[in-house]
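Undergrad: Please arrange chain V on chain X, whose structure you already have, making use of the hints.
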Amino acid sequence: MGDTLARVFSRSGYHVFTSQDYESRVRGGHNTYQIRLSDRPVTASRTVVDIVVAFDREGVTLHEKELSEIGIIIYDPAMLGETFERPNFFSIPFVDLAVKGGGNKIMANIVAIGAVLGMLGMGIELLFDVLLNTLRKKDEDTVNKNKMAAVAGYNYAGHNCVQCAFSVVQLAGQKMLLSTNDAIASGAIASGCKFYSAYPMTPSTGIMLYIAGKAKEYGIIVEQAEDEIAAINMALGASFAGIRAMTGTSGGGFALMVEGLSLAAMTETPIVIALAQRPGPATGLPTRTEQGELLFALHAGHGEFPRVIFAPGKPEQGFFLANKAFEISQKYQIPVFILTDQYLADAQWTVEQFDLDGLFHNEYRTSGEAECSGRYMRHALTDNGVSPFCIPALTAGLVVTDSDEHDEEGHIVEDAATRIKMVDKRLFKKLPLIRQEIEPPLFYGNGKPEIIIIGWGSTYGIMKEAVDILSKQRSIGMLHFSEVYPLPATDKFDYLGMLRGAKMTICVEQNATNQFARLIKTETGFECSVLMSRYDGRPYLLEEFLGELHAHIG
Amino acid sequence: MPTLDDYKGQTPAWCPGCGNFSILKVFKEALVELGVEPHQLAIVSGIGQAGKFPHYIRCNTFNGLHGRSLPVATGIKLANHEMLVVAVGGDGDGYGEGGNHLIHAMRRNIGVKVFVHDNQIYGLTKGQASPTSMEGMVTKNQPFGVLSEQFNPMAVAVALDCSFVGRGYSGDPEHLKGLMKSAMSHKGFSLVDILQPCVSFNKVNTYEWYRQRVYRLGPDYNPEDRTAAFAKALEWGERIPIGIIYRNNRRTFEERIPVIQEKPLVKQIVPFGDLKEKMKETLKGNY
Numbered sequence: 001m002g003d004t005l006a007r008v009f010s011r012s013g014y015h016v017f018t019s020q021d022y023e024s025r026v027r028g029g030h031n032t033y034q035i036r037l038s039d040r041p042v043t044a045s046r047t048v049v050d051i052v053v054a055f056d057r058e059g060v061t062l063h064e065k066e067l068s069e070i071g072i073i074i075y076d077p078a079m080l081g082e083t084f085e086r087p088n089f090f091s092i093p094f095v096d097l098a099v100k101g102g103g104n105k106i107m108a109n110i111v112a113i114g115a116v117l118g119m120l121g122m123g124i125e126l127l128f129d130v131l132l133n134t135l136r137k138k139d140e141d142t143v144n145k146n147k148m149a150a151v152a153g154y155n156y157a158g159h160n161c162v163q164c165a166f167s168v169v170q171l172a173g174q175k176m177l178l179s180t181n182d183a184i185a186s187g188a189i190a191s192g193c194k195f196y197s198a199y200p201m202t203p204s205t206g207i208m209l210y211i212a213g214k215a216k217e218y219g220i221i222v223e224q225a226e227d228e229i230a231a232i233n234m235a236l237g238a239s240f241a242g243i244r245a246m247t248g249t250s251g252g253g254f255a256l257m258v259e260g261l262s263l264a265a266m267t268e269t270p271i272v273i274a275l276a277q278r279p280g281p282a283t284g285l286p287t288r289t290e291q292g293e294l295l296f297a298l299h300a301g302h303g304e305f306p307r308v309i310f311a312p313g314k315p316e317q318g319f320f321l322a323n324k325a326f327e328i329s330q331k332y333q334i335p336v337f338i339l340t341d342q343y344l345a346d347a348q349w350t351v352e353q354f355d356l357d358g359l360f361h362n363e364y365r366t367s368g369e370a371e372c373s374g375r376y377m378r379h380a381l382t383d384n385g386v387s388p389f390c391i392p393a394l395t396a397g398l399v400v401t402d403s404d405e406h407d408e409e410g411h412i413v414e415d416a417a418t419r420i421k422m423v424d425k426r427l428f429k430k431l432p433l434i435r436q437e438i439e440p441p442l443f444y445g446n447g448k449p450e451i452i453i454i455g456w457g458s459t460y461g462i463m464k465e466a467v468d469i470l471s472k473q474r475s476i477g478m479l480h481f482s483e484v485y486p487l488p489a490t491d492k493f494d495y496l497g498m499l500r501g502a503k504m505t506i507c508v509e510q511n512a513t514n515q516f517a518r519l520i521k522t523e524t525g526f527e528c529s530v531l532m533s534r535y536d537g538r539p540y541l542l543e544e545f546l547g548e549l550h551a552h553i554g
Numbered sequence: 555m556p557t558l559d560d561y562k563g564q565t566p567a568w569c570p571g572c573g574n575f576s577i578l579k580v581f582k583e584a585l586v587e588l589g590v591e592p593h594q595l596a597i598v599s600g601i602g603q604a605g606k607f608p609h610y611i612r613c614n615t616f617n618g619l620h621g622r623s624l625p626v627a628t629g630i631k632l633a634n635h636e637m638l639v640v641a642v643g644g645d646g647d648g649y650g651e652g653g654n655h656l657i658h659a660m661r662r663n664i665g666v667k668v669f670v671h672d673n674q675i676y677g678l679t680k681g682q683a684s685p686t687s688m689e690g691m692v693t694k695n696q697p698f699g700v701l702s703e704q705f706n707p708m709a710v711a712v713a714l715d716c717s718f719v720g721r722g723y724s725g726d727p728e729h730l731k732g733l734m735k736s737a738m739s740h741k742g743f744s745l746v747d748i749l750q751p752c753v754s755f756n757k758v759n760t761y762e763w764y765r766q767r768v769y770r771l772g773p774d775y776n777p778e779d780r781t782a783a784f785a786k787a788l789e790w791g792e793r794i795p796i797g798i799i800y801r802n803n804r805r806t807f808e809e810r811i812p813v814i815q816e817k818p819l820v821k822q823i824v825p826f827g828d829l830k831e832k833m834k835e836t837l838k839g840n841y
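Those sequence lines, one after another, are chains X and V.
Residue numbering for the first sequence follows my numbering, starting at 1 and increasing by one per position.
Residue numbering for the second sequence follows my numbering, starting at 555 and increasing by one per position.
So here's chain X without its partners, still in its complex pose:
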């Protein structure tokens, strides 16, 4: 229901932000789907709500206190078994209206969607369009019954909601609505990903599902592996054989992949790993959010080798960083991470069309006779540490690699001189070049702010809204890191200078130990003056976030 309503708003031209809250169970339990819409960009959830659609008693208990001054709870007394006489309650017989229109009880949802549009005084035609899309596999009769249910709710609310005081602006121009995880999956496909192997694990599963849904159209193999160990090894096999490959998992699954990560490094086989974080340790809170795996991703794997870690904070970053992850992993033959989390998996944003001319589209694999024939050496020593990477079987050249230390041809060696050359090649020659590829953090704010909020990954949206509000009275800005490791150099933008010049630096993270603040300190010596952390598995809501910031900045 939430998706349908959000889609109606985004097609109407509103800026929309959605978020969800649910338990780790297949059916039942109390679930919440929040939609925020505005004529200005919205990038976070709020604690205040204008319309609550309550389908169970908990919907009332939990959300009545969140109502705004003009806020209203709509409910069906028949569903809740209770009637509320308080002024901010508006009863609508969802089920009755659904059944009277010839539909069934499940269409009570559609009645409610119609009712919300009626309360807001919006048109209903766009809802019909969206329903046609979502019900495209159903017969005409079902579609018509759904439409009738929507109209019933729409008319009922329009005629009977005496307390409704909402006024909405008319907007034009529809927007895209998508989650960051879907954007990551799209970005992977747009980068030529041909193979995705994974074991389902919340909150990474959506990436696999999205790619599987496009597999036929784009010619991609998506294989559900027997475990995460197999998943990463399969992806490495496919990558070795010449195609772009990716895997995805969450913390527990990644723990199983760690050995394979090290294998990718030793064999210099490119791989992109989407690591969708959720609270740990162990099974933790399976359907909640956390940014707890930054240092795990950074330090995972036995041995010493280069890696890159990206952490998008919004759909657009998800799309383009997935593309950059493929670019960097192919160019340097290294593992690249995309860190995402439950929040980014669930939250949907409205965005403008992506500019696809910004995609990296370079081919680094070769099957040229000149490079690959004769005595081709997979791990040839070169000035930049990157060896030509031939595709096996397409030429007479043989591609040989080994998890043991190896010589240029890829055969096992134990001698010290070769060992040193190979470590230098894999690590020290590539690293400075990789570092140059990393873009500086995004600065948002004016001039040289006295207060700077620092964050990475999924806190982008909440930080931005806070800066929008607080900058009216305070000198405040934000630095958001989406390319988190290696830390960006300061030659393009001296963010360290900016941080050192600020009176207060507040590092915000969804983990208990402020992992990114520790990373900055380790790499640069800079220490944030205030550390804000949240580790209850819930994302920051705007009012809470502002409250906590005020406690620090006064």
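Take the hints with a grain of salt, since some may be wrong.
If you want the footprint, here are the derived chain V segments under chain X, 3+ residues with CB under 8 Å [claimed, not checked]:
1) 568-575
2) 623-631
3) 634-645
4) 650-660
5) 685-696
6) 833-839
Quick list of in silico lysine-lysine cross-link-like pairs, DSS-like style, CA-CA up to 27 Å [claimed, not checked]:
7) Lys834(V) x Lys214(X)
8) Lys834(V) x Lys817(V)
9) Lys579(V) x Lys680(V)
10) Lys832(V) x Lys214(X)
11) Lys216(X) x Lys741(V)
12) Lys214(X) x Lys821(V)
Calculated directly from the structure, the hints in this document are not laboratory data.
From a predicted model like this one, the values you see are computed outputs, not experimental measurements.
Beta carbons are placed, not taken as given, at the ideal position from N, Cα and C, and that holds for glycine.
TA: For chain V alone, coordinates are given in the frame of chain X:
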């Protein structure tokens, strides 16, 4: 046509008398007789004495991690199913560390050929029990003898309807070569368990021990009868059969994946310009 010279690799670092030498020799002969060129072949191996196998031959090689050869081989085969993909390892690699992958590779019926050098002992780590060590075998690490029952790869494979199940013996190289050729010509997943004395560490299953027990399955044996195959797979002790234990014609994994019916993935790389246009259309679905 390829010659034995084309397959000449590095000099093996195995113990003198190791069964691996004859396995390597007949494997090369089998490839030459099948007309496989070195660049058409990929060998994936894990860790162990058998894991070094691909270095001693010339071919595309991925010498990966202990127990993980099958998922890597699966990935290679899915990317380019026109290649001959062979996974080589020992009994620890294939039946211990990699047991789960073996089960699921059989289920998929991916066209990978697995040759397990089964010496019933851990050689590289110098003499601990393996999954196929016989019950009661005493080692430094199993001073009271092996307590677990011996793993029976043939019976497990027949139970899982593995599409090619064979057993060879390194002491009967001519027979082994024929078996390898049959396995590599079979289109589905092939498991070949190769009995092999370990002259350094296995003092139970010696050349003499095998000589008294191993016999070739005759022409009257029908490997397509699954019930008979299961009985044959259970035969161990006084008499040990070698040959094709079981075979079926299940459709392979590659044959059932729609996107690779015309050509392998590696030959379907879409030009980036086309990809960009296609993605523009896909993104419209988000409105």
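Undergrad: Would you check the hint for Lys832(V) and Lys214(X), treating anything up to 27 Å between C-alpha atoms as holding?
TA: holds (11 Å)
Undergrad: Hey, Lys834(V) versus Lys817(V), does the alpha-carbon distance stay inside 27 Å?
TA: holds (26 Å)
Undergrad: Under a C-beta cut-off of less than 8 Å, do 3 or more residues of the segment 650-660 of chain V approach chain X closely enough to confirm the stated coverage?
TA: The restraint on the segment 650-660 of chain V holds, since 4 of its residues have a Cβ under 8 Å from chain X and three suffice.
Undergrad: Within a Cα-Cα threshold of 27 Å, do Lys216(X) and Lys741(V) meet the stated pairing?
TA: Satisfied, since the Cα-Cα distance of roughly 24 Å is no more than 27 Å.
Undergrad: For the segment 568-575 of chain V, do three or more residues have a beta carbon lying closer than 8 Å to a beta carbon of chain X?
TA: violated (count 0)
Undergrad: What's the verdict on Lys579(V) and Lys680(V), does the C-alpha distance respect the 27 Å limit or exceed it?
TA: Holds, at about 24 Å.
Undergrad: Against chain X, does the segment 634-645 of chain V show at least 3 residues with beta-carbon separation below 8 Å?
TA: Contact hint for the segment 634-645 of chain V vs chain X: holds, 3 residues under 8 Å.
Undergrad: Do the alpha carbons of Lys834(V) and Lys214(X) lie within 27 Å of each other, as the hint requires?
TA: holds (14 Å)
Undergrad: Can you tell me if the segment 685-696 of chain V counts as covered by chain X, using C-beta to C-beta distances under 8 Å and a minimum of three residues?
TA: violated (count 0)
Undergrad: Mind checking the alpha carbons of Lys214(X) and Lys821(V) for me, to see if they're no more than 27 Å apart?
TA: At roughly 19 Å apart (the allowed maximum being 27 Å), Lys821(V) and Lys214(X) satisfy the hint.
Undergrad: Confirm or reject the coverage of the segment 623-631 of chain V by chain X under the rule of 3 or more residues with a beta carbon closer than 8 Å to the chain's beta carbons.
TA: It holds, with 8 qualifying residues against the three required.
Undergrad: Using C-beta distances, would you say chain X covers the segment 833-839 of chain V, given that this needs three or more residues below 8 Å?
TA: holds (count 4)
Figure legend: structure checked against the earlier numbered hints; hints not met, in rising order: 1 and 5.
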